Amino acid sequence: MQVTMTVNGEEVTRDVEPRLLLVHFVRDHLGLTGTHWGCDTSNCGTCVLWMDGEPIKSCTVLAVMANGRSIRTVEDLERDGVLDPVQQGFVEEHGLQCGFCTPGMMMTARRLLDRHPDPSEAEIREAICGQICRCTGYENIVRAIRWAAEHPSTAEVNA
Amino acid sequence: MQVPAPVEYERATSVEHALDLLERHGPEARLIAGGHSLLPMMKLRLARPEILIDINDLTGLFDVRVEAGELRIGAMTRHRELLESATAGEQFAILHDAERVIADPIVRNWGTIGGSICQADPSEDLSAVFAALRASAVIRSTSGERVVAMDDFHLGPYTTAVGPAEMLTEVRVPIRAGSGSAYEKVERRIGDWAIVAAGAYLCLDGSRVTDVGIGLAAVRAEHFRAGAAEDALRGGDATDEAFVSAARLAAEGCEPVSDQRGPADYKRHLAGELTLRALRRAAARARGQEA
Numbered sequence: 001m002q003v004t005m006t007v008n009g010e011e012v013t014r015d016v017e018p019r020l021l022l023v024h025f026v027r028d029h030l031g032l033t034g035t036h037w038g039c040d041t042s043n044c045g046t047c048v049l050w051m052d053g054e055p056i057k058s059c060t061v062l063a064v065m066a067n068g069r070s071i072r073t074v075e076d077l078e079r080d081g082v083l084d085p086v087q088q089g090f091v092e093e094h095g096l097q098c099g100f101c102t103p104g105m106m107m108t109a110r111r112l113l114d115r116h117p118d119p120s121e122a123e124i125r126e127a128i129c130g131q132i133c134r135c136t137g138y139e140n141i142v143r144a145i146r147w148a149a150e151h152p153s154t155a156e157v158n159a
Numbered sequence: 001m002q003v004p005a006p007v008e009y010e011r012a013t014s015v016e017h018a019l020d021l022l023e024r025h026g027p028e029a030r031l032i033a034g035g036h037s038l039l040p041m042m043k044l045r046l047a048r049p050e051i052l053i054d055i056n057d058l059t060g061l062f063d064v065r066v067e068a069g070e071l072r073i074g075a076m077t078r079h080r081e082l083l084e085s086a087t088a089g090e091q092f093a094i095l096h097d098a099e100r101v102i103a104d105p106i107v108r109n110w111g112t113i114g115g116s117i118c119q120a121d122p123s124e125d126l127s128a129v130f131a132a133l134r135a136s137a138v139i140r141s142t143s144g145e146r147v148v149a150m151d152d153f154h155l156g157p158y159t160t161a162v163g164p165a166e167m168l169t170e171v172r173v174p175i176r177a178g179s180g181s182a183y184e185k186v187e188r189r190i191g192d193w194a195i196v197a198a199g200a201y202l203c204l205d206g207s208r209v210t211d212v213g214i215g216l217a218a219v220r221a222e223h224f225r226a227g228a229a230e231d232a233l234r235g236g237d238a239t240d241e242a243f244v245s246a247a248r249l250a251a252e253g254c255e256p257v258s259d260q261r262g263p264a265d266y267k268r269h270l271a272g273e274l275t276l277r278a279l280r281r282a283a284a285r286a287r288g289q290e291a
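Line by line, the protein sequences are chains A and B.
All residue numbers for the first sequence refer to this note's numbering, where the first residue is 1 and numbers rise by one.
All residue numbers for the second sequence refer to this note's numbering, where the first residue is 1 and numbers rise by one.
Hints are computed from structural coordinates only; laboratory data are not their basis.
These numbers come from a predicted model, not from an experiment.
We put the CB at the ideal spot given by N, CA and C, even for glycine.
Keep in mind that a hint or two might mislead.
Said to hold, decoys possible - To spell it out: a stretch of chain A is covered by chain B in this simulated footprint if at least three of its residues, at any positions, have a beta carbon under 8 Å from a beta carbon of chain B; those stretches are: (1) 9-19; (2) 41-47; (3) 70-76.
Said to hold, decoys possible - To give an idea of the interface, some chain B residues facing chain A are shown, with a C-beta separation under 7 Å as derived from the structure: (4) P6; (5) H36; (6) D54; (7) D104; (8) I106; (9) N109; (10) I190.
All chains should be modelled from the sequences, with the hints used to inform the complete structure.
Below is the structure:
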């Protein structure tokens with residue numbers, strides 16, 4: 001069936017099978033491979049993207065359920081060559097090693113900071129507790145998100 | 001790679017539309033709300049509906065409010081919305097206790113209250129919570145609406161009173177003065193099912209227990225309730241000794257099985273200990289002390 005949704009600000013229309021999962025729609029039909037596909041069971045959180053402004057696990061939502069809705073993926077964080085503070089934070093604090101969990105972590109972090117611009121370490125850990133990182137032990141991810149909180153505009157960093 | 005089997009899809013625009021679609025397509029049609037229970041079941045072929053009826057546009061079912069002396073929770077209320085509802089937390093602290101430990105924050109953004117209790121997994125937290133709270137469920141069909149008590153809602157594992165052409169629209173919890181409630185859960189890690197969880201609801205008149213509900217998850221308690229423990233407390237004094245003996249009855253009355261989450265003896269121990277902790281916190285809250 002035909003679905004139309006807004007993805008990173010642009011309207012897209014595709015023909016899909018109703019059983020197609022949103023994560024595969026975004027990756028395979030739109031070529032937005034920044035969103036990763038991991039456990040398939042809504043445990044690992046690497047497939048986190050935003051639907052209608054809230055982070056969701058896209059391995060457990062059908063693409064047809066996103067019909068008429070608004071999707072935001074990790075590709076939308078960078079604007080005009082300027083990294084989002086969350087992305088810059090992951091650079092500054094070495095918030096990734098293999099990078100597999102990173103897109104999901106960053107999408108969750110961006111939403112957390114939009115709601116709570118100055119989160120405590122406990123609030124950061126709570127926000128990302130549904131996402132798994134097997135490299136960093138989470139320490140550097142928490143630092144990266146704190147860095148982003150302390151540098152709400154990356155323009156000044158780049159300058 | 002886990003994907004569901006081929007399935008048809010329609011999106012309902014109203015409760016009436018959803019009910020019409022259910023009637024038209026028969027028992028192989030399934031409603032899909034957040035999908036965080038149904039889609040994993042479909043990936044594993046444990047569920048294989050022929051058509052999914054998406055009810056995420058039924059905005060009238062996203063609601064948490066006080067009406068007619070009840071807290072009324074719309075079936076499509078997302079877990080996050082219940083957790084963020086000050087009204088829910090003020091009336092029943094147990095709801096916020098439980099929501100903090102249900103799945104994880106991302107799953108709570110999309111999973112729904114109605115979806116959780118209709119899944120009726122034996123380890124499901126809100127089933128134990130609503131059993132403790134003596135809630136009732138509003139079930140609609142094209143021929144009208146019926147309200148059933150939680151004891152009659154839960155027919156067994158993964159089985160509820162909601163028929164093939166019916167849908168759950170609301171959960172109602174009676175508000176009583178002098179009450180307190182709490183939920184205690186032990187899980188292996190965030191996002192997992194409970195090893196065991198216990199919820200307690202107490203109504204106190206001075207030191208006397210005028211009403212009580214104790215819910216247990218993951219230990220095969222009938223209707224998610226510790227009935228003998230409730231009976232022992234009802235009408236008596238809310239003393240710690242009474243809580244200790246009620247907790248013992250709760251542990252004795254359940255039938256946990258050994259599995260990858262732990263041996264039966266450990267789960268039975270937890271059922272008693274978590275019941276005791278939940279009763280103590282519920283009593284403190286009923287007395288106006290934060291616990």
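Please name the hints from earlier in the document that this structure breaks, with their numbers sorted from lowest to highest. 3
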